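With chain A held as given, fit chains B and C onto it using these hints.
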Amino acid sequence: MDKPLLELSNVSFTYPGAEHPVLLEVSFTLQQGDFVAVIGSNGSGKSTLCKCFNGLIPHYYTGDFEGELKLLGESAEGKRVSELSRHIGYVYQDFENQLVRPTVLDDVCFTPLNYGLADYRERGLRALELTGLSGLGREFIWQLSGGQKHLLALAGALAMDPDILVIDEPVAQLDPQHARQIYDILRRLNEQHGKTIVVIEHHAEFIAEYCRSVVLMDGGRLRWQKPVREALTSVEELLALGIYPPDVTRAALLLRPDRQAAGEYPLSCEEGRAWFGRRADAVSAADSDSAANGRTLAAASAAASPGTGSYAAMEAAVSRAAAEPIVRMEQIRLSYRTIHKTLQPVLGGINLELYAGERVALIGNNGAGKSSLMKLIAGITAPTGGTVQVKGITVNGLPPERLSGMVSYVFQNPEDMFIDDSVRGEIAYYLKARKLADMDERVEELLQSFRLLELAERDARLLSGGQQRRVSLAIGAAVRPAVMLLDEPTANLDISTKQEMTRVLEALRGHVETVVIATHDMALVAEWATRIIVMSEGRIIADGDKETVFSDGQLLRRAGLAETQLMEMSRLLNLPQICSSLEEFTAMAEWRKGELIYGGSC
Amino acid sequence: MVEAVKRALNKISVEHIKLELLGTAYNSSSTFLGRLDPRMLLIWYLFFAITPWFIYNRTILLGMFVFMVVTTILSKVSPYIVFILCLGLVSQIGWMFLLSLFFGGGAESLLPMLTLTLKLSVISLASITVFSSLDPERLSDGLSALGVPDAFAFSLSYGYRILPTLLEEFHQILLSFRLRGQRPEKHGFLYLRTAAYYLRILVLVFYPLMLNTAKRSRTTVEALETRGYTYAVNNPKVKKLRLSYLAMQRRDWLFVAFTVVYIGLLFPLGAAVPNLLY
Amino acid sequence: MSTLKTRYTLTQSQKMMIFVLSMSLYGLSNMFTELIPSIQLGPIELSVEYFAFIPLTLCMLFHPLYAAVGAAVGEVIFGELMLGQFGGLGELEKFITFSLAMYIAGRMVSDPKNRRQVGIAAISGVAIHQFCSSVIDIAKVWVGVEELEAVQGLAESIVIIEGVGFLNDVLFSGILFALLPTMYLVPRLYGKIEPLLGMKPRERNMQYASGSKSWLSPKLLGGAILLALIAMGAELLSESGWSIGEFELPGAESNEGMLIWISMLAAAVVAAVVLTVILRKASRRRQEAGQLDG
Chain A
2 MDKPLLELSN VSFTYPGAEH PVLLEVSFTL QQGDFVAVIG SNGSGKSTLC KCFNGLIPHY
62 YTGDFEGELK LLGESAEGKR VSELSRHIGY VYQDFENQLV RPTVLDDVCF TPLNYGLADY
122 RERGLRALEL TGLSGLGREF IWQLSGGQKH LLALAGALAM DPDILVIDEP VAQLDPQHAR
182 QIYDILRRLN EQHGKTIVVI EHHAEFIAEY CRSVVLMDGG RLRWQKPVRE ALTSVEELLA
242 LGIYPPDVTR AALLLRPDRQ AAGEYPLSCE EGRAWFGRRA DAVSAADSDS AANGRTLAAA
302 SAAASPGTGS YAAMEAAVSR AAAEPIVRME QIRLSYRTIH KTLQPVLGGI NLELYAGERV
362 ALIGNNGAGK SSLMKLIAGI TAPTGGTVQV KGITVNGLPP ERLSGMVSYV FQNPEDMFID
422 DSVRGEIAYY LKARKLADMD ERVEELLQSF RLLELAERDA RLLSGGQQRR VSLAIGAAVR
482 PAVMLLDEPT ANLDISTKQE MTRVLEALRG HVETVVIATH DMALVAEWAT RIIVMSEGRI
542 IADGDKETVF SDGQLLRRAG LAETQLMEMS RLLNLPQICS SLEEFTAMAE WRKGELIYGG
602 SC
Chain B
40 MVEAVKRALN KISVEHIKLE LLGTAYNSSS TFLGRLDPRM LLIWYLFFAI TPWFIYNRTI
100 LLGMFVFMVV TTILSKVSPY IVFILCLGLV SQIGWMFLLS LFFGGGAESL LPMLTLTLKL
160 SVISLASITV FSSLDPERLS DGLSALGVPD AFAFSLSYGY RILPTLLEEF HQILLSFRLR
220 GQRPEKHGFL YLRTAAYYLR ILVLVFYPLM LNTAKRSRTT VEALETRGYT YAVNNPKVKK
280 LRLSYLAMQR RDWLFVAFTV VYIGLLFPLG AAVPNLLY
Chain C
25 MSTLKTRYTL TQSQKMMIFV LSMSLYGLSN MFTELIPSIQ LGPIELSVEY FAFIPLTLCM
85 LFHPLYAAVG AAVGEVIFGE LMLGQFGGLG ELEKFITFSL AMYIAGRMVS DPKNRRQVGI
145 AAISGVAIHQ FCSSVIDIAK VWVGVEELEA VQGLAESIVI IEGVGFLNDV LFSGILFALL
205 PTMYLVPRLY GKIEPLLGMK PRERNMQYAS GSKSWLSPKL LGGAILLALI AMGAELLSES
265 GWSIGEFELP GAESNEGMLI WISMLAAAVV AAVVLTVILR KASRRRQEAG QLDG
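Residue numbers (this note's numbering), protein chains in the order written: chain A, 2 to 603; chain B, 40 to 317; chain C, 25 to 318.
Derived by calculation from the structure, the hints in this document are not laboratory data.
Each hint should be verified, as a subset may be incorrect.
What the hints assert, rightly or not - Calculated lysine-lysine pairs in the DSS-like style (CA-CA distance at most 27 Å, straight line): (1) Lys224(C) to Lys254(B); (2) Lys216(C) to Lys433(A); (3) Lys279(B) to Lys376(A); (4) Lys216(C) to Lys279(B); (5) Lys137(C) to Lys254(B); (6) Lys279(B) to Lys392(A); (7) Lys278(B) to Lys80(A); (8) Lys150(A) to Lys254(B); (9) Lys80(A) to Lys224(C); (10) Lys225(B) to Lys433(A); (11) Lys225(B) to Lys436(A); (12) Lys225(B) to Lys80(A); (13) Lys4(A) to Lys150(A).
As the structure is a prediction and not an experimental result, all values here were calculated from the model.
This is chain A alone, in the form it adopts within the complex:
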């Protein structure tokens, strides 16, 4: 545990043509057997730091480099990337692009084969086994799910049996169950196989559960490297940098700000159960209006967040009774052909009606059929059986050019929507094609409401993740559709940008009648949705408001989803309602640790 595996001393690096260094006098030691999380806001140098490990910097990215790198006690000077990479496996954030062979076995053997290791096949097979992919060796890469591809990228790195594994955002694109699966594998590699692991991670809950120490990057400097508990309980410092510690830890800060220095905050729900208790005077928001008002007062900072829970459900119920449904799906079936010429059912017997004013969250794990369902509504794919009607018009079979006034579909990857060379051009494209008279005003209005005025002339591809999302929403809204469908709008965003998304979604009001979001981000669902549809294996297994869906913990697990920490805590503490925001939670829970010892046992 004490042997330094890798040492950076006083490393500074400037990309060619850049004004400011992206790394500044960074010194860092990686101990054998450690499990390190690198955190920091966007542009703080996290990835750059990790790319120093295997020499990508400065050999691949030529730039001004100073300082020294030691790997296994030897100076890395003069060694090429390919030499250093023997000891360091690297899994990229856009891991799909690091898979370069057509079939799984081929890809996993690629690295050891390149290094001329005679047992490349055995190594590949063993790596597949370690990542739980055995038996998929002959599959094509494009047949794998996103999670499997990620595991394959990991297996490709493992095949070399490296000392160090670097994984850039391991769970960004995964649903909670698959995310956990990845981390469980990493833990096994760390504990049983002695691998040293470095992850770049936004999700503090995973860091708390799996990592041993944390490195905080800030503006190119390494601010500190601390054991995980000490690191994550520095709540205020982290929040100031836009990094969000686990919800329970933040709740603890709100309840007992004075304990921060001691580092005595819970990091997980398990711990939280011992730390918190139900407040004696806690009343459910649903119970009385006055309590709801009281809560709203307490949650003044969350004023922007939408009217939650039963209120909205009531609204929806009213509009349902009054109006025709916007979307009506009857007995929808969908299947596709596989390479073995068999039919693979994706959706079976879906009946669904959506109404104006609803904010629908479509939840379920990867592969549950969420995207397929939305594509059907959008008319992009045609159902194998049944009909889809939007505003009384049957959409299956219509050419895409005729669909757009009714429905707009915002792709998961915003870049797939960028077809022009400026943000303004993107938004105006639809309006221009139809030569609408009020084009300029509408573009201005949209730029305004999605806060894109300053970015209007930039190329959307070169914007940050959060900005790209805003552009894609504005593009969708420009169509003024009756229904807007968003596919995973918070995927690949860091937590602070995710929180911003909730506010951006508000901007859709007035442009769109009904919004549907497919997601597995429960925090977003909890904060935003008025109606939740749970899907699993191509079927709708639940449909209702937040209270009904979230109070059934079993249901979420069945759908392959995980509760947020706050939900779980609410359940564990028997709070009168399932809380979706910190404010709600702190209004109902109280600090108990050290005061009521008898309640502390689990």
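Same frame as chain A, now just chains B and C:
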């Protein structure tokens, strides 16, 4: 015409191309020829791709043609490809013949051209036989064993890897154009307007696609670096290891022997009966 | 550690990126152009021959050699091998003439922002390629048909067919799918796509990459000409083999058997020579690339 365009657009459907192309590409190892040593097959191909140019004896050409037809059947080539091939040959030679009639030639000009057709057929069938029998991995290993640069061999299998991804992305961007675009109200003369609309989009799609692919290539090449690709390129030993599974087996020798004997017999026969057919 | 100061150097990986980029994009487009139906008006075929604007654009924006070769490889892999239409050696001549034409077009542009220059280069690129392939096609018939002159009107008709084909490809495909899109894309992409690959844009009037002599060196131009010669050679060398045969053919009927063996031997030699030259060339190019990295 509009039907044709529609059909073409349907063919561009991602799933369709994925299934058809990749499915068939990797299913070829089940045929007799597909199991043969790729190096041997490639050299065999070279022979039949070059020698017909220098042979004017129709009997020999015919004998080769028969042999090629047999191997084509053995390799279970899709009839569609053979049809396309025939169509190409017939139309090329046909137009030449018609025009030469116009310039005062007669029926006698048909004969030399038939010979040309025969040659081209032998060559084309040889290439169809070999290249549709070898799955991409074996083909690239065979080529690389014969000294074709590794970059080509790598690109070949990378092509199969990246095609579905590219198609997917192409499809999405095309959809974005169509969802936000406006098709011409009227089809215009000969559907020209509609055709122009689609062709214009098809070209425009490549603007975003170029930028997105550029981003992707960067990570890919960077990842190749970390996965030891450059190390392999500079190390002949690695290539040896990669190709070590290639070995001439009994059936390879038999195939070679049969070809040699057949061609060996064909030449004396051709010398004896030069005008077997015409 | 070393700090690299030469900014315009293309590293090995950057060349590889250009290659991969060009290969995948042009390959994909080739797949579509193969599938797009053509309109046949008599011997004239109105078809979308190829999306030449892709390699043209990339050759003008990046290093033309890697973009050109990448595109040619892409065509072979996506447009031929994957669709099961690979013509074997016949593709060789296409490969070489195409990459040569694209390379020349790329070299003709010194300032990607100058639309006129871009336009002229684009149409020249297509014209060079189409011209070369027409010549080769004519040569093919020359070689393939015995006693070409003996057949009335054949020579003329071939030239006419090829000539019309050439004009059609240059005027139809060339303008619609090379000239216009290239003029639209190059200035738009200039300065935007390079950073995505981690490179600096080509500077105005910049001499090639690495600013080193090697790109303008006679070695490279010689190499290009050599490639062209091989392309012609693959078809024309064989012609000489044929004429030898013809000269002796009237000699004696009984000799024919032997003559065939001789011509076969000649064929084998040609094949061997062509192959070794190509392989040498390839490995030399690789070494050259390696040296450039330093």
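Query raised in the report: Which of the numbered hints are not met once you compare them with the structure shown?
Result: Those not satisfied are hints 3, 4, 6, 12 and 13.
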